[in-house]
Amino acid sequence: MHLLSLFDVSAIQIRHILTMAGYMKAHPVSFQHSLKNKSIAMLFEKPSLRTRVSFEVGIQQLGAQPIYLDAQMVEPGQRESVEDIARNLACWTHGIVARVFKHETLHKLKAAGIPVINALCDIHHPCQTLADLLTIQERYPVDMKVVDILYVGEGNNVCQSLMVGAAALDLQLTVISPEGFGPNKDFLAELTDKYPSHRIKLGSNIDEVTHADVIYTDTWLSMGDTRNYSETCKIFQPYQVNSALVKRLQATTVMHCLPAHRNNEITDEVMDSTISAVLQQAENRLYVQKAALHHLFEEISQ
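Counting from 2, one number per residue, gives the positions in the sequence shown under this note's numbering.
Okay, derived cross-link-like pairs now, DMTMM-like style, lysine to aspartate or glutamate, Cα gap no bigger than 25 Å in a straight line:
1) K195 / D144
2) K146 / E209
3) K202 / D123
4) K39 / E57
5) K202 / D214
6) K248 / D214
7) K195 / D149
8) K186 / D208
9) K202 / E191
10) K235 / E180
11) K235 / D208
12) K47 / D226
13) K146 / D214
14) K47 / E105
15) K47 / D9
16) K37 / E57
17) K103 / E84
18) K248 / D269
Think of the hints as simulated: they come from the structure by calculation, not from any bench.
Remember, predicted model here, so these are calculated numbers, not experimental data.
Just need the whole structure built from these sequences, with the hints factored in.
Below, the structure written as C-alpha coordinates:
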(Lines of atoms letter the chains of each structure in order from A; the text may use other names.)
(Lines give C-alpha, C1' and ligand atoms only; values in the text may rest on other atoms or scores of the structure.)
Protein backbone atom coordinates (compact mmCIF):
# COMPACT_ATOMS: atom_id res chain seq x y z
CA MET A 2 0.00 0.00 0.00
CA HIS A 3 1.18 3.52 -0.83
CA LEU A 4 0.19 7.09 0.02
CA LEU A 5 0.84 9.02 -3.19
CA SER A 6 -2.29 11.12 -2.76
CA LEU A 7 -5.42 11.11 -0.64
CA PHE A 8 -7.14 9.40 -3.56
CA ASP A 9 -5.25 6.30 -2.36
CA VAL A 10 -7.15 6.14 0.93
CA SER A 11 -10.83 5.99 1.79
CA ALA A 12 -12.72 8.36 4.05
CA ILE A 13 -12.69 5.64 6.72
CA GLN A 14 -8.91 5.33 6.44
CA ILE A 15 -8.44 9.11 6.63
CA ARG A 16 -10.54 9.23 9.80
CA HIS A 17 -8.55 6.30 11.19
CA ILE A 18 -5.26 8.12 10.54
CA LEU A 19 -6.60 11.31 12.16
CA THR A 20 -7.84 9.40 15.21
CA MET A 21 -4.51 7.62 15.55
CA ALA A 22 -2.62 10.90 15.12
CA GLY A 23 -4.66 12.49 17.89
CA TYR A 24 -3.92 9.53 20.15
CA MET A 25 -0.20 9.71 19.37
CA LYS A 26 -0.23 13.43 20.16
CA ALA A 27 -1.90 12.83 23.52
CA HIS A 28 0.32 9.82 24.30
CA PRO A 29 3.81 10.69 22.95
CA VAL A 30 5.44 7.37 23.86
CA SER A 31 2.72 5.26 22.27
CA PHE A 32 3.69 3.09 19.30
CA GLN A 33 7.39 3.63 20.05
CA HIS A 34 8.14 0.11 18.78
CA SER A 35 5.69 0.21 15.87
CA LEU A 36 8.46 0.18 13.24
CA LYS A 37 11.17 -1.44 15.35
CA ASN A 38 14.10 -2.83 13.33
CA LYS A 39 12.93 -1.06 10.18
CA SER A 40 14.70 1.55 8.05
CA ILE A 41 12.91 4.24 6.03
CA ALA A 42 14.62 5.93 3.08
CA MET A 43 13.90 9.65 2.73
CA LEU A 44 14.50 10.68 -0.89
CA PHE A 45 14.30 14.48 -1.21
CA GLU A 46 14.70 16.36 -4.50
CA LYS A 47 13.51 19.62 -2.89
CA PRO A 48 14.73 21.60 0.15
CA SER A 49 12.72 21.11 3.32
CA LEU A 50 12.41 22.19 6.94
CA ARG A 51 9.07 20.95 8.32
CA THR A 52 8.80 17.85 6.15
CA ARG A 53 12.32 16.59 6.75
CA VAL A 54 12.48 17.25 10.49
CA SER A 55 8.96 15.98 11.23
CA PHE A 56 9.53 12.78 9.25
CA GLU A 57 12.97 12.11 10.75
CA VAL A 58 11.72 12.70 14.29
CA GLY A 59 8.55 10.70 13.69
CA ILE A 60 10.35 7.73 12.15
CA GLN A 61 12.73 7.63 15.12
CA GLN A 62 9.84 7.89 17.58
CA LEU A 63 8.27 4.83 15.94
CA GLY A 64 11.47 2.89 16.53
CA ALA A 65 12.80 2.96 12.96
CA GLN A 66 15.91 4.48 11.38
CA PRO A 67 15.50 7.33 8.86
CA ILE A 68 18.07 7.49 6.05
CA TYR A 69 18.15 10.89 4.33
CA LEU A 70 19.12 11.04 0.65
CA ASP A 71 19.12 14.34 -1.24
CA ALA A 72 19.03 14.81 -5.00
CA GLN A 73 22.74 15.67 -5.26
CA MET A 74 23.62 12.40 -3.57
CA VAL A 75 21.36 10.16 -5.62
CA GLU A 76 20.60 12.18 -8.80
CA PRO A 77 17.35 10.38 -9.68
CA GLY A 78 17.04 9.76 -13.42
CA GLN A 79 20.60 10.90 -14.13
CA ARG A 80 23.12 8.49 -12.63
CA GLU A 81 20.54 5.73 -12.86
CA SER A 82 16.82 5.35 -13.39
CA VAL A 83 14.33 6.07 -10.63
CA GLU A 84 13.14 2.46 -10.86
CA ASP A 85 16.66 1.13 -10.31
CA ILE A 86 17.12 3.45 -7.33
CA ALA A 87 13.84 2.18 -5.90
CA ARG A 88 14.76 -1.48 -6.34
CA ASN A 89 18.12 -0.91 -4.67
CA LEU A 90 16.54 0.91 -1.74
CA ALA A 91 14.21 -2.07 -1.30
CA CYS A 92 17.26 -4.26 -0.69
CA TRP A 93 18.08 -2.37 2.50
CA THR A 94 15.03 -0.38 3.62
CA HIS A 95 11.37 -1.07 4.35
CA GLY A 96 9.73 2.10 3.02
CA ILE A 97 10.36 5.27 1.02
CA VAL A 98 9.34 8.82 1.88
CA ALA A 99 9.81 10.96 -1.23
CA ARG A 100 9.69 14.73 -1.77
CA VAL A 101 9.91 15.17 -5.52
CA PHE A 102 9.32 17.58 -8.39
CA LYS A 103 7.05 15.34 -10.46
CA HIS A 104 4.21 13.06 -9.37
CA GLU A 105 5.29 10.49 -11.97
CA THR A 106 8.52 9.97 -9.99
CA LEU A 107 6.44 8.59 -7.13
CA HIS A 108 4.84 6.04 -9.43
CA LYS A 109 8.28 4.97 -10.63
CA LEU A 110 9.37 4.51 -7.01
CA LYS A 111 6.60 1.93 -6.58
CA ALA A 112 8.93 -0.44 -8.46
CA ALA A 113 10.58 -0.95 -5.06
CA GLY A 114 7.65 -3.06 -3.91
CA ILE A 115 7.69 -1.37 -0.49
CA PRO A 116 5.42 1.42 0.83
CA VAL A 117 5.98 4.85 -0.76
CA ILE A 118 4.74 8.04 0.91
CA ASN A 119 4.42 11.33 -0.97
CA ALA A 120 6.11 14.04 1.09
CA LEU A 121 5.23 16.59 -1.64
CA CYS A 122 5.09 16.63 -5.42
CA ASP A 123 3.76 19.01 -8.07
CA ILE A 124 0.16 17.75 -7.83
CA HIS A 125 -0.41 16.57 -4.25
CA HIS A 126 0.74 17.15 -0.68
CA PRO A 127 -1.27 14.55 1.28
CA CYS A 128 0.70 14.74 4.53
CA GLN A 129 0.09 18.48 4.73
CA THR A 130 -3.63 17.98 4.26
CA LEU A 131 -3.77 15.32 6.96
CA ALA A 132 -2.11 17.81 9.32
CA ASP A 133 -4.58 20.49 8.22
CA LEU A 134 -7.57 18.23 8.82
CA LEU A 135 -6.28 17.31 12.27
CA THR A 136 -5.82 21.01 13.04
CA ILE A 137 -9.36 21.88 11.94
CA GLN A 138 -10.72 18.93 13.91
CA GLU A 139 -8.90 20.12 17.03
CA ARG A 140 -10.18 23.68 16.67
CA TYR A 141 -13.76 22.68 15.80
CA PRO A 142 -14.24 19.39 17.66
CA VAL A 143 -18.03 19.27 17.59
CA ASP A 144 -18.52 18.75 13.84
CA MET A 145 -16.11 19.61 11.04
CA LYS A 146 -18.90 19.29 8.48
CA VAL A 147 -20.43 22.61 9.54
CA VAL A 148 -17.12 24.50 9.39
CA ASP A 149 -16.95 26.93 6.47
CA ILE A 150 -13.45 26.62 4.98
CA LEU A 151 -12.05 29.11 2.47
CA TYR A 152 -8.84 28.57 0.51
CA VAL A 153 -7.46 31.74 -1.09
CA GLY A 154 -4.62 31.55 -3.60
CA GLU A 155 -3.18 29.40 -6.34
CA GLY A 156 -4.82 26.02 -6.94
CA ASN A 157 -1.54 24.24 -6.26
CA ASN A 158 -0.59 20.89 -4.70
CA VAL A 159 -1.63 22.00 -1.21
CA CYS A 160 -4.97 23.28 -2.48
CA GLN A 161 -5.66 20.14 -4.49
CA SER A 162 -4.87 17.80 -1.61
CA LEU A 163 -7.08 19.89 0.66
CA MET A 164 -9.87 19.51 -1.88
CA VAL A 165 -9.51 15.71 -1.87
CA GLY A 166 -9.53 15.63 1.92
CA ALA A 167 -12.56 17.90 2.08
CA ALA A 168 -14.44 15.85 -0.50
CA ALA A 169 -13.63 12.58 1.27
CA LEU A 170 -14.88 13.87 4.62
CA ASP A 171 -17.82 15.81 3.12
CA LEU A 172 -16.53 19.20 4.30
CA GLN A 173 -17.58 22.63 3.04
CA LEU A 174 -14.74 24.22 1.06
CA THR A 175 -14.59 27.27 -1.19
CA VAL A 176 -11.52 27.81 -3.38
CA ILE A 177 -10.90 31.34 -4.65
CA SER A 178 -8.07 31.85 -7.15
CA PRO A 179 -7.25 34.50 -9.75
CA GLU A 180 -8.45 33.61 -13.26
CA GLY A 181 -6.06 31.08 -14.77
CA PHE A 182 -4.54 30.09 -11.42
CA GLY A 183 -7.14 27.59 -10.23
CA PRO A 184 -6.82 23.83 -9.74
CA ASN A 185 -5.78 21.62 -12.66
CA LYS A 186 -8.64 20.55 -14.95
CA ASP A 187 -7.58 16.89 -15.06
CA PHE A 188 -7.43 16.89 -11.27
CA LEU A 189 -10.92 18.40 -11.05
CA ALA A 190 -12.27 15.68 -13.33
CA GLU A 191 -10.69 12.99 -11.16
CA LEU A 192 -12.08 14.60 -8.00
CA THR A 193 -15.61 14.81 -9.37
CA ASP A 194 -15.41 11.26 -10.69
CA LYS A 195 -14.52 9.89 -7.25
CA TYR A 196 -16.64 12.29 -5.17
CA PRO A 197 -19.55 13.44 -7.38
CA SER A 198 -21.45 14.87 -4.41
CA HIS A 199 -18.60 16.92 -2.96
CA ARG A 200 -19.34 20.30 -1.39
CA ILE A 201 -16.50 22.27 -2.97
CA LYS A 202 -17.08 25.56 -4.77
CA LEU A 203 -14.62 27.29 -7.10
CA GLY A 204 -14.45 30.98 -7.91
CA SER A 205 -12.22 33.94 -8.63
CA ASN A 206 -14.01 36.85 -6.94
CA ILE A 207 -13.02 37.16 -3.28
CA ASP A 208 -15.64 39.88 -2.79
CA GLU A 209 -18.42 37.35 -3.39
CA VAL A 210 -17.39 35.40 -0.28
CA THR A 211 -19.41 36.61 2.70
CA HIS A 212 -18.28 34.30 5.51
CA ALA A 213 -15.58 31.81 6.45
CA ASP A 214 -14.70 30.15 9.73
CA VAL A 215 -11.29 29.12 8.39
CA ILE A 216 -9.18 31.05 5.89
CA TYR A 217 -6.31 29.09 4.35
CA THR A 218 -3.62 30.51 2.08
CA ASP A 219 -0.28 29.48 0.63
CA THR A 220 2.64 31.10 -1.14
CA TRP A 221 1.76 32.75 -4.44
CA LEU A 222 4.56 30.94 -6.26
CA SER A 223 5.31 27.31 -5.49
CA MET A 224 8.87 26.05 -5.08
CA GLY A 225 10.54 25.77 -8.49
CA ASP A 226 7.97 27.98 -10.26
CA THR A 227 9.67 30.01 -12.98
CA ARG A 228 7.05 32.75 -13.36
CA ASN A 229 8.04 36.36 -12.69
CA TYR A 230 7.51 36.91 -8.97
CA SER A 231 6.78 40.65 -9.04
CA GLU A 232 4.21 40.25 -11.83
CA THR A 233 2.58 37.35 -10.00
CA CYS A 234 2.38 39.42 -6.81
CA LYS A 235 0.44 42.12 -8.68
CA ILE A 236 -2.10 39.55 -9.82
CA PHE A 237 -2.49 38.01 -6.37
CA GLN A 238 -2.44 41.19 -4.26
CA PRO A 239 -6.27 41.43 -4.07
CA TYR A 240 -6.23 37.91 -2.57
CA GLN A 241 -3.98 38.77 0.37
CA VAL A 242 -5.12 37.44 3.75
CA ASN A 243 -5.10 40.52 5.96
CA SER A 244 -6.98 41.86 8.96
CA ALA A 245 -9.64 43.48 6.77
CA LEU A 246 -10.49 40.16 5.11
CA VAL A 247 -10.49 38.32 8.43
CA LYS A 248 -12.81 40.89 9.96
CA ARG A 249 -15.17 40.99 6.97
CA LEU A 250 -15.53 37.20 6.83
CA GLN A 251 -15.62 36.85 10.65
CA ALA A 252 -12.97 34.14 10.48
CA THR A 253 -11.86 32.44 13.68
CA THR A 254 -8.89 30.51 12.26
CA VAL A 255 -6.22 31.38 9.71
CA MET A 256 -4.01 28.68 8.21
CA HIS A 257 -0.84 28.57 6.10
CA CYS A 258 1.24 25.48 5.32
CA LEU A 259 4.51 27.48 5.40
CA PRO A 260 6.99 28.74 4.43
CA ALA A 261 5.20 32.09 4.22
CA HIS A 262 6.21 35.20 2.35
CA ARG A 263 5.12 37.61 5.03
CA ASN A 264 3.15 40.64 3.91
CA ASN A 265 2.56 39.10 0.51
CA GLU A 266 -0.03 36.31 0.75
CA ILE A 267 -0.50 36.91 4.50
CA THR A 268 0.29 39.90 6.68
CA ASP A 269 2.41 39.83 9.82
CA GLU A 270 -0.58 41.01 11.83
CA VAL A 271 -2.71 38.02 10.82
CA MET A 272 0.02 35.39 10.83
CA ASP A 273 1.08 36.33 14.36
CA SER A 274 -2.46 36.79 15.67
CA THR A 275 -4.30 34.65 18.20
CA ILE A 276 -6.40 33.03 15.47
CA SER A 277 -3.34 31.86 13.54
CA ALA A 278 -2.99 28.06 13.42
CA VAL A 279 0.25 27.91 11.43
CA LEU A 280 2.40 26.43 14.20
CA GLN A 281 -0.36 24.02 15.18
CA GLN A 282 -0.38 22.82 11.57
CA ALA A 283 3.40 22.44 11.59
CA GLU A 284 3.36 20.49 14.85
CA ASN A 285 0.61 18.22 13.60
CA ARG A 286 2.75 17.17 10.64
CA LEU A 287 4.67 14.99 13.11
CA TYR A 288 1.62 13.14 14.39
CA VAL A 289 -0.21 12.54 11.13
CA GLN A 290 2.95 11.29 9.44
CA LYS A 291 3.61 8.89 12.31
CA ALA A 292 0.02 7.72 12.04
CA ALA A 293 0.27 7.34 8.26
CA LEU A 294 3.47 5.30 8.54
CA HIS A 295 1.94 3.07 11.20
CA HIS A 296 -1.20 2.65 9.11
CA LEU A 297 0.69 1.65 5.94
CA PHE A 298 2.80 -0.95 7.69
CA GLU A 299 -0.23 -2.18 9.61
CA GLU A 300 -2.04 -2.69 6.30
CA ILE A 301 0.76 -4.69 4.65
CA SER A 302 1.20 -6.91 7.72
CA GLN A 303 -2.41 -8.09 7.59
